[in-house]
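Number of protein chains: 2
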Amino acid sequence: MEESALRAMDAEQLREHAHKMVDFIADYYKTIQNFPVLSQVQPGYLGKLLPDSAPDYPESLQNVLDGETSYFDSYSIAGFLGEMLSAGLNIVGFSWITSPAATELETIVLDWLAKAFQLPDDFYSSGKGGGVIQGTASEAVLVVLVAARDKILRRAGRGALPKLVMYASDQTHSALKKACQIAGLNPELCKLLKTDSSTNYTLSPEVLSEAISNDIAGGLVPFFLCATVGTTSSTAIDPLPALGKIAKTNNLWFHVDAAYAGSACICPEYRHCFDGIEEADSFNMNAHKWFLTNFDCSVLWVKDRSSLIQSLSTNPEFLKNKASEGNMVIDYKDWQIPLGRRFRSLKLWMVLRLYGLEGLRSHVRNHIELAAYFEGLVSQDTRFKVVAPRTFSLVCFRLLPPPNSEDHGNKLNCDLLDSVNSTGKVFITHTVLSGEFILRFAVGAPLTERKHVTQAWQILQDKATALLESL
Amino acid sequence: MEESALRAMDAEQLREHAHKMVDFIADYYKTIQNFPVLSQVQPGYLGKLLPDSAPDYPESLQNVLDGETSYFDSYSIAGFLGEMLSAGLNIVGFSWITSPAATELETIVLDWLAKAFQLPDDFYSSGKGGGVIQGTASEAVLVVLVAARDKILRRAGRGALPKLVMYASDQTHSALKKACQIAGLNPELCKLLKTDSSTNYTLSPEVLSEAISNDIAGGLVPFFLCATVGTTSSTAIDPLPALGKIAKTNNLWFHVDAAYAGSACICPEYRHCFDGIEEADSFNMNAHKWFLTNFDCSVLWVKDRSSLIQSLSTNPEFLKNKASEGNMVIDYKDWQIPLGRRFRSLKLWMVLRLYGLEGLRSHVRNHIELAAYFEGLVSQDTRFKVVAPRTFSLVCFRLLPPPNSEDHGNKLNCDLLDSVNSTGKVFITHTVLSGEFILRFAVGAPLTERKHVTQAWQILQDKATALLESL
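Keeping their order, the protein sequence lines are chains A and B.
For the first sequence, the positions run 1 to 471 when this note's numbering is used.
For the second sequence, the positions run 1 to 471 when this note's numbering is used.
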């Protein structure tokens, strides 16, 4: 390498290159509105643009950046700054001793957040519980599932493993099924109970009670219940108080997944969505979803941290130290799957401090208002129908099919989705509820304004008109 | 919020604040040599410095940064720039359609790396295998363990789960035991076979063969073998060719963990450490350990990606799309635990392009030379002994006890460790090999130079002299 080549670490070289990178990223955001929201490329496109081996000798940053073209959306300036600082420090704080600051800031920020959500005292670090940052809700639900599994097996014996039954509604996130697969549970006993429009796609306490009774009668061992506050498909809110009571009676670990809708509960007018949370053993919300925090940052609270630690701790010689042995500190390595962990509390801390709770409340309210505005637009066009209650920032709707439609308008709505998304100006997703293909309009990007919603609706109306005329 | 408050996203506000953050990080590196390498704080120190609730209203960035004091080490400028760009774009590319660039760049960079390591063709994405970036080696070993578990259960039936046996040496990383716990394996059948100095703490093929024969005779089902290239304690290299043969004969999934030492194998003179890798079903190395890439970035290759996908895929309605349904693309969500994932290939790509393979080779060689230099210093002082062969950048050594020592010098070496680390100038770790407390001197930080090694040795000698005189 030449004298001027990039060193592994050098304060002045870092300053020079990182300033260039800041301008690259800021320029990207200046021009972001010109990019299509969904990629228009074909599989394999990138391989054609890049060489087939890593370079033997260093290239310049300018050369590398010139080849960069992307089209993604970000979360917030504060979230980015926190991620940038975390990357700059590059600490790997798995135990207190390896980074007291990373450990203690995480505990403090999660206690702050527990307070902001008005959580019961059991979830604070000062008691037997506490919060921990996981990468995603998938990891959050996996670690509590494993803790619950081991807790029941300690009582019922390891032989009970193939008889353990897990319950959730059929609207639960797919991460739960995956967690069951990883944890070695019997896939047939991961029961996703049917929901329908009669309960607005929430889990019925009666259906749950009946399933549990039948399973116990059949010699099985119910052990886990997952309820959702804000399902992926339609933001349905399971009835936590009634479900919690059933969980308690039957000695199930009760987990509440509020990955998406949890953010709304910092607003007093939405806090009631958490009613019943006092019955939960654990719950999580994704700060990276709707809380202005860059991915990844899923926040998990448990009431009984010792259950987590019993399942996830290992204590090899090379990590032993006085602070840990003395039980004076938290070692988050024992609350999660990996050993190493990034300093993720830094970005949550940046978000909380640079926006404040009031700033976050405004952000959430603004998105909900925009969704309500979209809902109003849909309601005024009799060709469309809103198909599930809109509580937060998601509207589920569909184009009504002509009276004699064979497939209840499923193809029609699927075609409308393709037609709208192919413009590259809007990105609508879909779901299936009670066999019907449903369109989902979600307000989530930080840059969304009223004019974008109006424009999206205009495109939807135009494409619907064209489709209906072509029938 | 006031008019001038920080917006969620605004190109010019991002530019202004991120430039400030760059200077904050660069200034930190300018003064890093003044900080102690191990924290001197007491548990709970941070809670005393911070308020007990999140602020209701926004604070300024300057105000937040003024409170920041930390002491960590980082990896490289290129790694940082890659992480910064990834955070700036904040893409969450779990399936090809959500981010073709993130998906395809990962495939390309991992094929580049497979080439740089001279891996067998089976590990390239063009065949039935391929590479994927996991967060850490813990996740890498967990996903292959689950894939192997399900593969054998498909053949032997789910009833075989409590009979599955996993093998590794007692020098294997603790992550493997944790993965077994999470995957629901019988903890008594996770067999960590004893090693000793007669094989330099590598797994003996004879010991393994015997264990497998006994277990089969006992009605158990051997299914997984993990070998290590560069153990945590002493960088021992398990004999891959002989172990691979045994795995093949007995139909075990053969995983090779090269988390630390894998990096060295980009140098032709160390590539022989990978000899036998052609027998492996999977292997991983941590680019964040010794490859100038910021944490987290563990690279995993498998020969049969369909086994991984069968265990880890879920296909909910809201993620369905034509590219995935047509099997035209890779959806990395089915190769890992979580659904969401960061654009981690970006930092590996930055490292490969900004340093080039030759730059990485120089980096590795430089650390190995420094470790060899330290080894030479230890060898010249007859009060000390090097206790395991030094192959890479770690030296295992101890202070010899006086002839009549009761505990073979364990307390003496433990005291020496404390005494050296309490200076705040050096950070030495320890391990236990064959019951003996051993000191570990690892060269790993990018800023380490010969003068630092000399200084560390000087401190060790001085503290040893003081300790021996006090006996």
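Certain hints may be false.
[Stated by the list, open to error] Capping the alpha-carbon separation at 27 Å, the derived lysine-lysine pairs in DSS-like fashion look like this:
hint, chain 1, residue 1, chain 2, residue 2
1, A, LYS322, B, LYS163
2, A, LYS411, A, LYS425
3, B, LYS451, B, LYS30
4, A, LYS320, B, LYS194
5, A, LYS177, B, LYS177
6, A, LYS191, B, LYS163
7, B, LYS48, A, LYS128
8, B, LYS451, B, LYS425
9, B, LYS303, B, LYS245
10, B, LYS48, B, LYS163
11, A, LYS320, A, LYS194
12, B, LYS177, B, LYS163
13, B, LYS163, B, LYS115
14, A, LYS320, B, LYS191
15, A, LYS177, B, LYS303
16, A, LYS30, B, LYS385
17, B, LYS191, B, LYS245
18, A, LYS163, B, LYS177
19, B, LYS248, A, LYS320
20, B, LYS385, A, LYS320
21, B, LYS322, A, LYS425
22, B, LYS425, B, LYS30
23, A, LYS322, B, LYS248
24, A, LYS48, B, LYS128
25, B, LYS425, B, LYS385
Just so you know, these hints were derived from the structure itself, not from any lab.
To see whether the hints hold, each was checked on the structure:
Between the alpha carbons of LYS322 (chain A) and LYS163 (chain B) the distance comes to roughly 38 Å, so the proposed pair goes past 27 Å and is violated. Taking the CA atoms of LYS411 (chain A) and LYS425 (chain A), the gap is about 22 Å. The hint holds against a cut of 27 Å. With a CA separation close to 18 Å, the supplied pair LYS451 (chain B) and LYS30 (chain B) stays within the 27 Å bound. In summary, the hint linking LYS320 (chain A) to LYS194 (chain B) is supported, as the alpha carbons are separated by about 21 Å, within the 27 Å threshold.
Distance hint between LYS177 (chain A) and LYS177 (chain B) is fulfilled; the C-alpha atoms sit about 23 Å from each other, no more than 27 Å. For the proposed pair LYS191 (chain A) and LYS163 (chain B), the alpha carbon gap of about 26 Å is at most 27 Å, so the pair holds. Between the alpha carbons of LYS48 (chain B) and LYS128 (chain A) the distance comes to roughly 21 Å, so the proposed pair stays at or under 27 Å and holds. Proximity of LYS451 (chain B) to LYS425 (chain B) is assessed by CA-CA distance (about 13 Å); at most 27 Å being required, the pair is judged to hold.
As the CA atoms of LYS303 (chain B) and LYS245 (chain B) are separated by approximately 16 Å, the hinted pair is consistent with the 27 Å bound. Restraint check: the Cα-Cα separation between LYS48 (chain B) and LYS163 (chain B) comes to about 51 Å, which exceeds 27 Å; the hinted pair is violated. The straight-line distance between the Cα atoms of LYS320 (chain A) and LYS194 (chain A) is roughly 48 Å, outside the 27 Å bound, and the hint therefore fails. A C-alpha spacing of about 16 Å is found between LYS177 (chain B) and LYS163 (chain B), which places the hinted pair at or below 27 Å, so the restraint holds.
For the suggested pair LYS163 (chain B) and LYS115 (chain B), the alpha carbons sit about 38 Å apart, so the restraint of at most 27 Å is broken. Distance restraint check for LYS320 (chain A) and LYS191 (chain B): the Cα-Cα separation of roughly 22 Å lies within the 27 Å cut-off, and the hinted pair is therefore satisfied. For the hint linking LYS177 (chain A) to LYS303 (chain B), the alpha-carbon distance of about 26 Å falls within 27 Å, and the restraint holds. About 61 Å separates the Cα atoms of LYS30 (chain A) and LYS385 (chain B), which puts this hinted pair outside 27 Å; it is violated.
At roughly 19 Å between alpha-carbon atoms, LYS191 (chain B) and LYS245 (chain B) fall within 27 Å of each other, so this suggested pair holds. For the hint pairing LYS163 (chain A) with LYS177 (chain B), the CA-to-CA distance comes to about 24 Å; that is within 27 Å, so the pair holds. For a cut-off of 27 Å, the pair hint linking LYS248 (chain B) to LYS320 (chain A) is broken: about 37 Å separates their Cα positions. Restraint check: the Cα-Cα separation between LYS385 (chain B) and LYS320 (chain A) comes to about 23 Å, which is no more than 27 Å; the hinted pair holds.
Distance restraint check for LYS322 (chain B) and LYS425 (chain A): the Cα-Cα separation of roughly 19 Å lies within the 27 Å cut-off, and the hinted pair is therefore satisfied. Distance restraint check for LYS425 (chain B) and LYS30 (chain B): the Cα-Cα separation of roughly 17 Å lies within the 27 Å cut-off, and the hinted pair is therefore satisfied. About 44 Å separates the Cα atoms of LYS322 (chain A) and LYS248 (chain B), which puts this hinted pair outside 27 Å; it is violated. For a cut-off of 27 Å, the pair hint linking LYS48 (chain A) to LYS128 (chain B) stands: about 21 Å separates their Cα positions.
Proposed proximity of LYS425 (chain B) and LYS385 (chain B) is supported: the alpha carbons are some 23 Å apart, at most 27 Å.
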